[in-house]
Amino acid sequence: MTEIPKKLDPRTVPDGCKPVIEVRGLRNSFGEQVIHQDLDLTVCRGEILGVVGGSGTGKSVLLRSIIGLQTPDEGAIDVLGENMIGRDEDEAKNIRRRWGILFQNGALFSTLTVAENVEVPIREYFPHLKPPLLDEIASYKIAMGGLPANAGPKFPSELSGGMIKRAGLARALALDPELLFLDEPTAGLDPIAAAAFDELIRSLQKRLDLTVFLITHDLDTLHSICDRIAVLADKKVVAVGTIPELLALDHPWIQEYFNGPRGRAAADSYEHEVTA
Amino acid sequence: MADRDRQEGEHPNGSVYRVAGALTITRAATTQREIDALPDPLTIDLSEINRMDTVGAWIIYRTVRDRGAKVIGASRDEVSLLEQVGEFDKPARVLPEEPGGAIRVFKELGEWVVETGTTLVGLLGFFGATLIGFANVIRRPRRFRVNAVIQRFDVVGVRALGIIGLMSFLIGIVIAQQGSVQLAQFGAQIYTINLIGRITVRELGTLMTAIMVAGRSGSAFAAQLGTMKITEEIDAMRTIGVSPVEALVIPRIISAVVMMPLLSFWAMLMALLGGGVFVWFSLEIPPITYIQRLQEVTPITDLWVGLIKAPVFGFIIALAGCFQGMLVEGNSEEVGTRTTTAVVQSIFMVIVLDSVFAVFFSNIGWI
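Sequence lines, in order, name chains F and E.
Under the working numbering, think of the first position of the first sequence as 1, with each following residue one higher.
Under the working numbering, think of the first position of the second sequence as 1, with each following residue one higher.
In short, the hints are calculated from the structure, not lab data.
Hints are not guaranteed to be accurate.
[As the list claims (entries may be wrong)] Heads up, simulated DSSO-like pairs for lysine-lysine below, C-alpha to C-alpha not over 30 Å straight-line:
#, chain 1, residue 1, chain 2, residue 2
1, F, Lys-206, F, Lys-6
2, E, Lys-70, F, Lys-154
3, F, Lys-236, F, Lys-18
4, F, Lys-236, E, Lys-90
5, E, Lys-107, F, Lys-206
Work out the full structure: start from the sequences and follow the hints.
In structure tokens form, the structure reads like this:
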């Protein structure tokens, strides 16, 4: 295995990068099992960063550490310029309202309608907003998430998998976040819905000037919308870069992932699309 | 800060709303209030804002849409944001449509009747499915899940010994104490023993145990099965070819049916012990006299009355718990409501049946 070039080293901050998330020397473990060791990662403002890694490499644990659902054993995590470790709830609230999270299975509140789900964060932080304006805000967020207006009064149990993801996205966008976390946004969607969802994320990212931290297994998503890709293997981020940059490395997992049959197919279709 | 940043002024052609600084969700409520306070025709001057989010843009957009306000001084970015939020103007309802007033009363009444009807039919169906399940198990005893049943015995029976024993012991003391106070008025305190012996063995031992088992295990059955229903585990079982009735319902019913008489007997003993302790210390009747007297005044039929009822109660509790659990659909709140219903239904049915048993046993001469 060759040395990772400096440009792709996760500790290197790219030129002109304003860091939104900075993870340094992270260590996570469950009992004897060490999930992360000396993990470093920087996410720059305005980029879509894709995080890939085999099952069980701790992608979700990394996300949970960054958003404060899991306290790491060691390491420093800065989000939006604030240290995330050991803060009290009140301070954390100020950062929480600046991000939105789409959980893997939507995590919609099952006893509330889609529109009420979107209103939950708004009501929590801005209790003075009155119903007509509040309902209108929920409506346009639902439309932004790409849902038809008649989805508003539906309960999560009445929605399809793709609609649940869109409703989750609408709720994540409720407070006009600067930073969006997406945990496998296209998992479980058919290819057409997945492509539409990728497109939606891309266009929202441009319109609202979002920074996106995206965990995915979907090679098409990586090719079509991610600016940089962080590869999680051997308990840390081994390299961060664009797909061509990563392909130049001879790390076994990266080669197998991007040059395996599925990786080739996704790359071919993407090249085809670009040249056409 | 808001006061410094905004200016409202009378204009020859109506009013002008001038915002400066950030027009974001943080100031949304104030901004909306200030705009509402200004008369038409309204002009909104955005030349001094440095930041606008979609909520700010939405407030401007809806003012333009509803009141025909004019926007001046917007930069290119702001104009494009205003256009973008305009694209998403698709009003959505927040809650499902509900008919109002009298119609709603009839609608809810009708739904209640239909639901009660379907629940009764469903319960009957479930009872039938359980019998078929039992028949299948008897036909092919190898499919009987011994381990599951034994595990249930532990959860339903052994682990309930402590709490049921303590409860019964205290109830024995309460009966003895209240009885002796009343009977003392006639100088008939010795009859306290009759009271303790007959009421705990014949009625209270079984009844209180049934209520405890309904609260402890009936509710657990409903919650377990309900959660498995939501996580599609029960659907998965069906597709694999495992019958949920055989794998989940029958072990639970067997455990409740077997454990109820044993727990009831234990409850009776503990209540007698509690009563005995009280009469020993308070009425100074020594234990040996207490036991002799109990044997004389409590007919053995009382014990049969108490123990015959117990498995029937156990069956009802387990059936109601499993049935309600299997009815769960949709969301997590339903697990809660179904669990509550299971406990309420089973306690109610236990008490109804208990009165039927009381009449029956009196009529056959077991008085």
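### Message
Hint check: Lys-206 (chain F) vs Lys-6 (chain F), CA-CA at most 30 Å. Holds or violated?
### Response
The hint holds at about 29 Å.
### Query
Holds or violated: Lys-236 (chain F) with Lys-18 (chain F), Cα cutoff 30 Å?
22 Å, holds
### Query
Keeping to a limit of 30 Å between CA atoms, is the pair of Lys-107 (chain E) and Lys-206 (chain F) held or broken?
48 Å, violated
### Query
Has the given pair, Lys-236 (chain F) with Lys-90 (chain E), been kept, meaning a C-alpha gap of at most 30 Å?
45 Å, violated
#### Entry: Lys-70 (chain E) paired with Lys-154 (chain F) [C-alpha distance capped at 30 Å]
36 Å, violated
In summary, the structure is inconsistent with hints 2, 4 and 5 from the numbered list given earlier, while agreeing with the others.
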